[in-house]
Amino acid sequence: MRNWLVRDLAGIAVISAVLVGISYFLGWIPIPGMAYYNRVIVTIGINIILAVSLNIINGHAGQFSMGHAGFMAVGAYTSAYLTYFHFQPFLATLAEGPGRFALQQALFLGALLAGGAAAGIAGWVVGLPSLRLRGDYLAIVTLGFGEIIRVLILNIDKIGGARGLSGVPAFANFFWVYFFVCIVIIVSWRLVRSQVGRAFLAVREDEIAAEAMGVNTTHYKVQAFVIGSFFAGIAGGLLGHYLVYLNPGMFQFTKSFEAIVMVVLGGMGSISGSVLAAVILTVALEGLRFVKEAFGLTSDPRMVIYAIVLILLMRLRPQGLLGNRELGDFFRRRKGGDR
Amino acid sequence: MDSFLQNLINGIGIGSIYALIALGYTMVYGILKLINFAHSDVFMVGAFMGYYGARIFSKLMHGSEVVEPGWPLFTLVLLFSVACCGLLGYLNERIAYRPLRNAPRIASLITAIGLSFLLEYGGQMVFGPDPKFFPQLLEKHQLQFLGTSITSHTVIVLVVALIFMGILQYIVYGTKFGRAMRAVSHNFETAALMGIPTDRVISITFVIGSMLAAVGGVLYGLSYSKIEPLMGIMLGLKAFVAAVLGGIGNVPGAVIGGLVIGIVESFAGASPLSTYKDAIAFVILILILLFRPSGIFGKYQAEKV
Amino acid sequence: MKIDRIIPAVIAASSILLFGCPPKETTGAGGAPAADEIAIGHLASMTGGQATFGQQTDQGIKLALEEINAKGGVKGRKVRVITEDTQSKQEEAANAASKLISRDNVTAILGEIASSNSLAAGPIAQLAKIPMISPGSTNPAVTEKGDYIFRICFIDPYQGEALANYVANTMKLKRAAILRDVRSDYSMGLSDYFKNTFEKLGGKIVVDSSYSQGDSDFKSQLTTIKGAKPEVIFVPGYYTEIGQIAVQARDLGITVPLVGGDGWESPKLIEIGGKSLEGSFYSNHYHVDDPSPAVRDFVVAYQKKYGTTPDAMAALGYDSMKFLAAAMERAPSLDGPALRDEIAKSAGFQGVTGTITLGPDRNPLNKKLVVLEIKDGKLVLRATVDPAADAAAVTAPVETATAVATETAATK
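Residue numbers (the working numbering), protein chains in the order written: chain A, 1 to 339; chain S, 1 to 305; chain G, 1 to 412.
Isolated chain A (complex conformation) (with noise of 0.2 Å):
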């Protein structure tokens, strides 16, 4: 095995590790309201990873995708399929222990992945289209296929139509959050930094540049939008098996938005720009609810506020909070020149 991969999967193993030691540790902690902090705090990995995985297709490959939440619903009702029609009844049969315990975390693991894949085959469908258009067709099309996705899965009475999926598994948790987390960083870390980052940068500056230096730029963009929608998917899973409940009207393209809204803010091609932007909007969205309290409105301002933040932001810096640097570039001297 190679080098790198021995020490990322050591640190996985390592991250993991300390992340159940916090779960423990979250679980029993006596602070009032102690539930409402840990959903935040969940909320808050969920997005990261959507946050993350949009960046790797609008970020690093330059590809402008607006149909992120499109991707999502596959994932969340793939896996949400998985496990309440099939693992849920299945963990029902068996006596409760450590064994059973650790088969639904197997289980759940699997219907994330499975839930990923079909996002990720989802898109490998739009990524094609991509071939042909760009800029804001493409951004277009990917809106309309994510409106497809989610009127196609309206119209599946199995899984609840357009009336939502109730009772879905509680599964998800911290622990399988911030896994996720960190296996989204490390993954689009390693990403950048290998030959096939290489590749998405050189078809994000110019495409047709790249071609002719010999990049076969159909393959990396489908290729960005394979990974960032497997992302995705995971992301949905999560999020149906924390909320335990789904419905379509819950990927409609406003989701998207918010996932472009987090790239773009923290800087497109930034990983811990888009890991910051995450965190801060939604600390901010969620801390923005007092205001409603505090005037005594009927309406909650805070969309109103956040609008006009993102368009001050626009205004006062368009390259968004870390530009395409990371965070750890203002840290470090810098070395010669911009990264």
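It is worth saying that the hints were derived from the structure and are not from the lab.
Each hint should be verified, as a subset may be incorrect.
Below 25 Å or equal to it, Euclidean Cα-Cα: the simulated DSS-like pairs (lysine-lysine) are [what the hints assert, rightly or not]:
1. S/K132 - A/K292
2. G/K378 - S/K140
3. G/K268 - G/K368
Short, incomplete list of chain A residues facing chain S, as computed with Cβ under 8 Å [unchecked claim]:
4. R132
5. V151
6. P318
Backbone N, C-alpha and C fix where the C-beta goes; we use that ideal spot for every residue, glycine too.
The hints should help you fit chains S and G onto chain A, whose structure is shown.
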């Protein structure tokens, strides 16, 4: 046969509204290459201005907020809404988009999304989040026509929409300003070098587009009665699809695109596939973009290296 | 290579920071209740397409709450209701339920009215072992989601059968069209139950079409329905769409009456539909002109407090609060499981909408149903179905609905 004609008429009714919104998208995209997501929310504001305008003018005319149907009132309300939205369109461009003229295009797009959120959720705060019901500005009459039933409203929607499209067509192709608009759309820098006041042209384009959206808003309120702050989202998206379908930047194309989408949706809604109705616009969009990326009336432009 | 270690560290640090130094504001007014208060959550559609459902139940609940607290509260403690808006959307209902449970630590939840929203919220309450009582969700699946979920209204098999009976036997109509809302479990279920009974009674469903909540254009579906020439159109949706459907149906020259269920109940219905709804009718939980003393007292108190007449949702909200308070008073402790057991034992509770005795499936037995017709912009009582009035009907309300359907007002 009856229901075929009836569906056609229903489709033209909603299609005219799509067309009015699509015109705003197509003009702005033609000039700035910007998908102005906030445009559909200007349409929503137009509908609400009509709603409040009707009350204000009723109060002024009869001293009560109860709306008495009539042409003078309808005209006043329409003009009021058009004026408000024209101003809103101007402010949008002036405050949000103009400072970004030289920024990366993605910044303008995100600003458009931000502006759209601002109008939607700002609308929820100002107008209230509940659906409102548009007053009957005009007396409704039933017309029987070859076994179909049409209300006078449908006819009015179609006629008013056609009148405004005609005016727009004249402005774009028959006036000096229209020539400036087409020049800016063709090549921004060159137009500026030729002494065309590009900023003013862009501003006026936004104003005209927003005014048409306002007309659409009032007509929508008149024929479907329910208005709410988030109603622009789906309608706007379909109108944008209509603009792409007709060939973006092309005025008659947007109108035809809007009517086509409206009619196809109407037939889909009457078929057993009615629950797939919302996806049909997008399926058409994808097929068009894959096989004829420049739309029905658009001209093909090869990419320059 | 440092970065892949820095980033997880930053995440871990930020999550610990976040949890260590919680932003005070977020707990704010909705934070943990004072020790001497009992917090009850109310899941309500205060905004959106079913806004009057939430607004009316909330007013009903607040009226009951005032009366309860004026008498010293429950177990000597004041009761406080925290209303969380579901925006008439399923996904928001799930969110709101989580918030009530995790942030506000509520003892029990009242709500939702729309079945789909209750179905979304139910499993969350079940998981947290917080009892949930729905005032008005009539879809049978709601209480099947778990043993912590209760309701105090009748269910749709009963309602669908009563309506089918009324259409087929009382009105003597044989050709019905169905227009259902695919976004609503309530509408889908009720359509099926209506269809079953109606066909059994010799009726024919000439066309079965659908729309989606939030739509504004129903002309395509109505054109198809018009072509099938029904004698009546069964539209078991919610009031916002019903009003529009009625207007568009008349525009298309359809003159037959529309029939629906309790989802029509709203002060807004006639405001939206206007003259187009004349002659249409629907089933409901109670009628405001009911002469019984329980209803009279409630209507008077409600009018005194709010200045408007209460609709069925307000009555159900009022009943649900009183019903919950009675169970809380009896329960040995207010823990989820203890309270659940006590609610399940509820029997013979005298409410505005009738006597509530819960069966083993956590649904009330033998609730009364009324059929109302819209006439001159007013609701007129046309029929009452009251299984409790029939001695033989005590155990099986669904089967007996047919037998007892009586036309009270012979004015037709």
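Here's how the hints hold up against the structure:
1. Proposed proximity of S/K132 and A/K292 is supported: the alpha carbons are some 23 Å apart, at most 25 Å.
2. Our distance criterion of 25 Å between C-alpha atoms is met by G/K378 and S/K140, whose separation comes to about 23 Å.
3. Between G/K268 and G/K368 the CA atoms are separated by roughly 24 Å; this keeps the pair inside 25 Å, and the hint holds.
4. With 8 Å as the threshold, the beta carbon of A/R132 comes within range of chain S, its nearest partner Cβ sitting at about 6 Å, so the hint holds.
5. Annotation: A/V151 was flagged as interfacial toward chain S, and the flag holds, the nearest CB pair being 4 Å apart, inside 8 Å.
6. Because the beta carbon of A/P318 sits about 4 Å from the nearest beta carbon in chain S, less than 8 Å, this interface hint is met.
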